[in-house]
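Number of protein chains: 2
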Amino acid sequence: MFYTQMQAAQKGIVTDAMKVVAEKENMDVEVLRDLVAKGHVTIPCNKHHTALQPEGIGQKLRTKINVNLGTSKDCTDYEEEMKKVHHAVALGAESIMDLSTHGDTKVFRRLLTKECPVMIGTVPIYDSVIHHQKDLGELTAEDFISTIRFHAEDGVDFVTLHCGITQHTIEQIKHHKRKLNIVSRGGSLVFAWMSMTGQENPFYEYYDEILDICAEYDMTISLGDACRPGCLADATDICQIEELVRLGELTKRARERGVQVLVEGPGHVPLNQVQANMEVQQTICDGAPFYVLGPLVTDIAPGYDHITAAIGGAVAAMHGAAFLCYVTPAEHLALPDENDVKEGIMAFKIAAHAADIAKGIPNARDRDDRMAEARQKLDWEAQYAVALDPEKARRIRESRAPEEGHKEACSMCGKFCAVRSINKALEGEKIDIL
Amino acid sequence: MFYTQMQAAQKGIVTDAMKVVAEKENMDVEVLRDLVAKGHVTIPCNKHHTALQPEGIGQKLRTKINVNLGTSKDCTDYEEEMKKVHHAVALGAESIMDLSTHGDTKVFRRLLTKECPVMIGTVPIYDSVIHHQKDLGELTAEDFISTIRFHAEDGVDFVTLHCGITQHTIEQIKHHKRKLNIVSRGGSLVFAWMSMTGQENPFYEYYDEILDICAEYDMTISLGDACRPGCLADATDICQIEELVRLGELTKRARERGVQVLVEGPGHVPLNQVQANMEVQQTICDGAPFYVLGPLVTDIAPGYDHITAAIGGAVAAMHGAAFLCYVTPAEHLALPDENDVKEGIMAFKIAAHAADIAKGIPNARDRDDRMAEARQKLDWEAQYAVALDPEKARRIRESRAPEEGHKEACSMCGKFCAVRSINKALEGEKIDIL
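Line by line, the protein sequences give chains A and B. Take 1 as the starting number for the first sequence in the working numbering and just add one per residue. Take 1 as the starting number for the second sequence in the working numbering and just add one per residue.
Some hints could be false.
Copies of the same chain look alike in the list, so a pair counts if it fits in one copy or across any two.
Only pairs whose alpha carbons sit at most 25 Å apart, straight line, appear in this in silico DSS-like list of lysine-lysine [to be verified]:
1. LYS174 with LYS377
2. LYS415 with LYS179
3. LYS342 with LYS392
4. LYS424 with LYS392
5. LYS177 with LYS106
6. LYS415 with LYS73
7. LYS24 with LYS407
8. LYS430 with LYS83
9. LYS392 with LYS84
10. LYS430 with LYS252
11. LYS19 with LYS407
12. LYS11 with LYS24
13. LYS415 with LYS252
14. LYS47 with LYS177
15. LYS134 with LYS83
16. LYS430 with LYS73
17. LYS106 with LYS60
18. LYS252 with LYS134
19. LYS430 with LYS179
20. LYS174 with LYS114
21. LYS134 with LYS424
22. LYS177 with LYS392
23. LYS424 with LYS177
24. LYS174 with LYS424
25. LYS106 with LYS415
If you're looking for bench data, these hints aren't it; they were derived computationally from the structure.
Using the sequences and the hints given, assemble the complete structure.
Here is the structure:
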């Protein structure tokens, strides 16, 4: 008998995955098991993803970050793309979403679940077109469902499915006149398919069949938010919250079937609405782990959206978001290059870490304390060692050498270095500035 | 009879500076006058800074940002440094702090107040050493005060003075065993001077004389926070809050003399403590404009501290901080170069703007709405036009051209572009993806 992590947890069984996660989080495994049983922690771990070193996502755990990669018309070299994956993992990504939209997508997907130790997510609707070699309007409900099954068999740990919109959403979107309607890629495809065919959303209509597939492989459903706001003006509106209510209902149905879920969230949200968004999701979805894209707290900064999103992401995670999808400087503009990927990961490692300290994850601040101690001693090697990006820190300092005679400081303050002054003062030494 | 802005406001006089500020903020000038009278808005505008186009800082106004520049041993070319100043102003800095620590500082200072249209701040204690050509221990209280007078005469709009620490602080710092003691440069010099001479802090002891100088020129005092936390572990501790209490007392004394003040704040603060810090300051200092450095929400990211600080800065400003001092990627490592300055300014324009939307500044979201409308139309030129950094946005998109046949989208999504799909769906058009 195969059990999902949730089913096992509900039966009081501690799985190997739970042991690994509890160890990583330095947490009692029975506490973790209870959280998994309730659906407050999700451990995405498809039974076919044998290379996986599992991570938990949810309450009381460190905030995790996801990195989007995948083949596109511009990049169909699988080995090259795998290098990016390994680089992202080395930089601290706990999850990779394979958003491939070109070429033989299963080759790359299987390479991922064979080699990649972090959880793998996909958005099967992207792949339906490619997999079945039919254009959107020609695809049938069965085609969509069979793509989900292929992804489950290939070992995908979680799939984003836009189950929460219906034919009624078409009316809602037309009626409420949002500035940006739908900006979710997968959501827009479901919407367009419903518009073209006049049929109900297959991801909603055949949800029970989807749950059966997910239960068979312990593939987590990441309930996509098709109506996530694409600009501040659309945030927390009727379309968004109506879908969230349905995601709450679908969360319950998944739990009844023993299927693990994540719930996806905004998007673009004014900073003062972020906390409310997190709280509403947590109540409506009964503590299911919230997976947010950003949120971006302004629309005006293309080229810097890793920053606009890290601001929102940090605040979201402080108020309960468990999983942050990174955003790069290329967001809204182009496919991110290698440097963009790194900038995005760094910004989101910062957001997640700042939130972990804020939400009181035990020992989250230890590394900061080590940095403070290294700074107090003006021990630069110790500072680099504990830095998020030792190479960049070293490069900046060494590119602009400190003044002669003040090598212990840096060129920002030179002989005015506060740490140097205060250390001397506390030791009763004379301070020479001139 | 010369009145400071505060004195004028209290007498019911609407000054030219108030008119300019009210116009910029699209606000009733009587409302502004009342805020200035109460000290809830400060308009730093030294009567000798003739090139100034004044800005207000405080309640109900847009959040302003400051950029630190100045000559150092590495850069004593005044014309070169002025280029950086003009570049910073063009990028949106509302204030320049001249932190020069080398060369003939008055040449650059006078150049600034002669040419620069934004408010100019300084930290006179840095300059005391240079101006009087005496090392720190040899300087007298009179030397410090006379430096303040020189800066006032040169047209400086606001001066950071560390008036809030006393001989008692030396005991506090020794007793409470902070991880990083004092990280404020000016604060550490005052501390060291007090330690070496055994005398009371002259900026505290001769505060009335300083107020007289400030009143004479309408130079604003920015009450420096010597004990601002330099790491998360030291945040919101006894040393910080004890000094804040004294800054509250000094704020009252300044107001009684008709002198405008800003109050400086942290520093390094865990994200969950930022709101409380803002609220405590606003109550203790009775609504005086709060000028914060960051705050940085983690210590572990040298090389990315513009991001760690923009997160804290956005949240601080949402909760009431009125003035943000920018932080660059070179913070803690080196003197920022031109690119660092730009990155820092962009991060802080984002933080300030996101906060302005969050705190309900009228029309703050207009620009975001224009971006949303341009995105809905896939009008790239309109997007660049409204972007914070049009050049970078254009460069990223154009460096990675979209797919052939989908020139209206970008290379991130290509034919999967959600905006394209939804626009076609809403117009009843067929969507081709394959």
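Exercise. Which of the stated hints cannot be reconciled with the structure, identified by number in ascending sequence?
Worked result: Violated hints (numbers, rising): 4, 5, 7, 8, 10, 11, 13, 14, 15, 17, 18, 20 and 22; every other hint is consistent with the structure.
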